[in-house]
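Engineer: Please build the complete structure, drawing on both the sequences and the hints.
Each chain, letter by letter, is given below.
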Amino acid sequence: MFDWLKPNDVLWLIPAAPLLACLWIVVVGHVVRRQYAHRPVVLAIAISAALSIHLLVNVVPTGFGKTVEHAEHGDHDEHAHVEPSHAISTNVFGDTQVNGKTEPNPWIRIGPVGNSSLLVLPTLRADAMSALMLVMVTSVSLLVAIFASGYMKGDPGYPRFFAAISAFVFSMCMLVLAGNFLLMFVFWEAVGLCSYLLIGFWFKKPSAAAAAKKAFVVNRIGDFGFLLAIFMIWSTFGTLDFDALFGSPRMIADVVRSQPEVFTTICFLLFIGAMGKSAQFPLHVWLPDAMEGPTPVSALIHAATMVTAGVYLVARCTPFFVHAPKAQMFVAGIGAITALVAAITALTQYDLKRVLAYSTVSQLGYMFMALGAAGAGTNLATLAVTFAMFHMFTHAFFKAVLFLSAGSVMHSMGDVIDMRRFSGLRKVLPITHITFLAGALALAGFPLLSGFWSKDEILAIVMEATKHPEHGDFYKVILGIALLTSLMTAFYTFRAYFMTFWGSEKFPEEAGHHPHDAPPAMAIPLFLLGAAALVIGGITGPTHLYGDYLAHTPGLPEAHHHEPNMLMMAVSSVLAIAGIGLAYVCYVSSPGIARNLKNGMPLPHRFSQEGLMMDWFYLRFVVKPLRLIASISEFFDRWVIDVIVDCVGFVPGLFGAMLRPVHSGFVQHYAVVMLIGLVVCLVSVLRVLAGTL
Amino acid sequence: MNESLQLLNGAIHLVLPETVLLATVCIIFFAASFLVSERGEAPEGLRHRWGMLSLLALLIAGWIGWHAPEVPHSTGPFVADGLTLFIRGLTIAVGAILVLLHWNQADDARSAESHACLLAILAGVNLVAASNDLVGMFVALELISIPTYLFLLLPRRDAPAQEATLKYFLLSIFSSAIVLFGMSYLYGATGTTNLMAIHQAFAGGSHLPHNALIAVATVMLIAGLSFRLAAVPFHFYAPDVFQGAQPSAAAMLSIIPKIAGFVALLRLMVPAAAGESAMHSWMMTPTATNLLWWLAVITMFTGNLMAFVQTDVRRLLAFSSVSHAGYMMVGLVVGMQASQQVSGIGALLFYLVAYGVMTLGAFAVLIAAARTNRRIESLDDLAGLSRTKPALALVLSIFLFSLSGLPPTVGFLGKFNLFFAAWSQGSESSRLLACLLAVNAAIGAWYYLKMIGVMYLRDPVDRSEDVRPMETPSVVAAAVCAVGTIGLFFVPGPLWSHIQLLVQ
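These protein sequence lines are chains A and B, in that order.
As numbered in the numbering used here, the first sequence has no gaps in its residue numbers, which increase by one up to the final residue, 693.
As numbered in the numbering used here, the second sequence has no gaps in its residue numbers, which increase by one up to the final residue, 1504.
Don't read these hints as lab results, they were simulated from the structure.
Note that the coordinates shown come from a computational prediction; the quantities given were computed from them, not determined experimentally.
What you were told as hints is all true, and nothing was included just to trick you.
In silico lysine to any residue, SDA-like type, Cα no more than 25 Å apart, as pairs:
hint : chain 1 : residue 1 : chain 2 : residue 2
1    : B       : Lys1450   : A       : Asp646
2    : B       : Lys1450   : A       : Leu654
3    : B       : Lys1450   : A       : Arg660
4    : B       : Lys1450   : A       : Phe655
5    : A       : Lys476    : A       : Leu340
6    : B       : Lys1450   : A       : Arg638
7    : B       : Lys1450   : A       : Val651
8    : B       : Lys1450   : A       : Val640
9    : B       : Lys1450   : A       : Leu659
10   : B       : Lys1450   : A       : Ala657
11   : B       : Lys1450   : A       : Gly649
12   : A       : Lys205    : A       : Pro156
13   : A       : Lys427    : A       : Ala531
Structural biologist: Written out as structure tokens, the structure reads:
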């Protein structure tokens, strides 16, 4: 279909299409045909999605490693030579001919200062990992954009919303396609900016503005770590280019041998960057608040795509992480804590979107758990990356459908999202009910659905890690947490499902007389995503489609096939069904149990409700001390610095006033002063002259 | 007889553009007496013709000057080295802008004479730059002074203008007398009026017995010419005259005498066709340097501190003109000391161009922003200009930014060059001078920015409808200056490299 396109053109066209759409809306669409602002965006994302699939299927495989027979050696050479996989890359700025040589046009060239210089090319680069990620990003974005065209109808900021969405898709594509750390960081920040703009989309609502600010500030902490990591990578290796860094295992090995602590530090810092963006404990506090944004934004940015950028970063840097087992254990530990904390919090939330938000945090923790499991041995690295990325892939679909269904509920309930105020919606909203159920089953890990396959693999790899002689106990704890979380996930997901769709029919007064189900623009994406949530894991997981493709990513260590772990499958199936059953018992068959539990244990309930008091903790130990320092600084600025500056400003005026009487306006005074000046000059010069004679 | 005719012929050849200007002056004076009746009635719109004629004369002079060959070595009354040609180009460009500023400042009946005076002044500046003889230089300086008196008085004959003219006249002849005094001592010490011969005499070391004579001559010449630079303590006329005279006359006074004064000092100090390598001529005694150092410092501080307390825009610009004279003297001081990477004289010449562009632009806006019944006088008249005339306010802000030395304007580059020249000269005193320059730039920024603040943050005082037709010539001049102010920041290369060639 796209054979007429050169591979390099595909790379830049993918981000270029949404960028053009964004510019179009900003310049023209903001004024003309405002209610059709979604059209260019949907079209552009559709182009991106089609090109991404083309990239995945046709372009990137041309770079895959092949076994090449060396014919010239004849029959003596039994060894087959394996060509390593390479990435497809292109320089956006093109090349120039300098003195007959072709030189790439740089994006940033600094130096050489001393013997170091910084040369960064605006390289776009695609390999197996980024191609898979791109397909996920663009396809989910496409469906969410279509959904949003129905959901956001009538909003005064309609064009602004779509401009931001297309800017986000552009930035996210660039983040994934970036060929070096600096370019990645720029778009890492750009997606953060889009997230800020979209969380605060209804900026007149104080809570939305505050949530946007919170997200931005908390992300800064992580970004700071990422930036430091980039500095260290540059000063250690002298380059930021992915191909140069990950393509030469020997260079990495040299550095590991000479400066192991530097290496571990780089990995820690990279993970801190990932913690901010992927909302890992203790930087996870921004994500639940980010639900103040429009629901399609929550689905797209804060569940399916942007928040997985941290997972992508750590996966991308696997060639680094395999040499830093300590950092990987840290990753696994943080992931486990996050998964558990978020799951506990999700148990008692009443806000449907917040349940889903905490569930997102928890699932991201799962992915990091999987990545961290590679700390138990280099041979696990590729599998760990594969499973983490696979869970991210399936999660994107089922979490998107859950959020969009929640959005559909909100849409029909007059923007009410508190589950205590509505119930029994399965008759009124049949479409939404079906799609939500599909997503919920997948998330809970119901056997043979998407979430089941990916979650099972994560459990399996963590179990594999427990066999490590030294750190086995550590991974046993992680495994325990993972299993417990798995049970809780099934429980809280179905708690939300039963509270919303079962029980007696009840609508809030904001919903009007007759709540209506999703219109076609919303229903079609819901169905598509729901179907994907059910089957996509089964299609690509057990058949090794996903894993085999991903294994072609350059830089990943070689790995053997992973056999399904029947024990884990059985255990996780039992846990999922147990969780669902428990939720049914507590919220449908005998609702008194839940109430009694809540009243019987007020303190744990409140603890869970408040998200383990994390916000309180931050307020007490971070925000308040900072405010104190700020007020001290303000005092100093106002009463010390300002006073000094005012004095400095006062002095020239004083001198000026002293000089003023000389300029009296009488010409004879002027002449006299000139004469005096002349005489003074003469006398002084002649005196000096007399001294020298 | 034949020989002297030949000499004269050769000399005229060197000052052909000035001859064109002076010929135009004669034509205007002659023709005007026929076109204006005895009772002072003139046909409507006559001033446009005089303006056009002046521009035409400047164009022709410029064209001839452009093609004039460089004649660096001359024993006659005139030279035409690189400096002469540079100053000629600058004067003609500045003159064209001044003609635009002056376009509607004099009524039809008096326009002819004032335009003619302006052309004569410009010719005078060029002749100073071309002079190779003390007598010729003095005459050229007087060719600037005498038309200036007329130029101040002619457009307006009310009491403030008369007072201003009288003050300028008295103090100017005082300074001319001082210059003449210095020249006579110089003649006494060397026995010749030819500058080339004077420089040669000093280069031979024959001045030693006359040290005191030369010192007196040096002080007198510097003092007398300082009047034209508006250097303290010879600056007193500036605020009063700027306040009393027409704004176009004030604009002329802010730049033209400075060009003349600096080029005269350079001519006296630097032998023709020799750059800074030959800076050890007679004036370069350490005492003269010291004197100029002190004059520069006092001038900068007095100008800025006085401008700081002004409430009248015209007086403010007068003191600003004083302080900029101080900045340029910094270039002169460090240029006189050998061994520096960045040429002080070069920085001075660059700053002359920069200052010309920005100060003329500021005056152009003041002229263009005048209201029917009221010119721009006090700071209050500028209040709210951003709302009544936003474009003019913006352009004036550009000039004020440039005057205070902020990028992206040529004023920044000019100050930077001066600072850099002073700093890289290396000696303690030069570095101290560089620091004082920086301090003064900071003080200066206050009152320039205050003007911008008044324009943008305060409400207009007079809200009545303005029926005055647009001041097209001044607007054009302001636009040209604005383009120059911004353009020379981004593309200073051609000008700067030309100046570097001059001073090497």
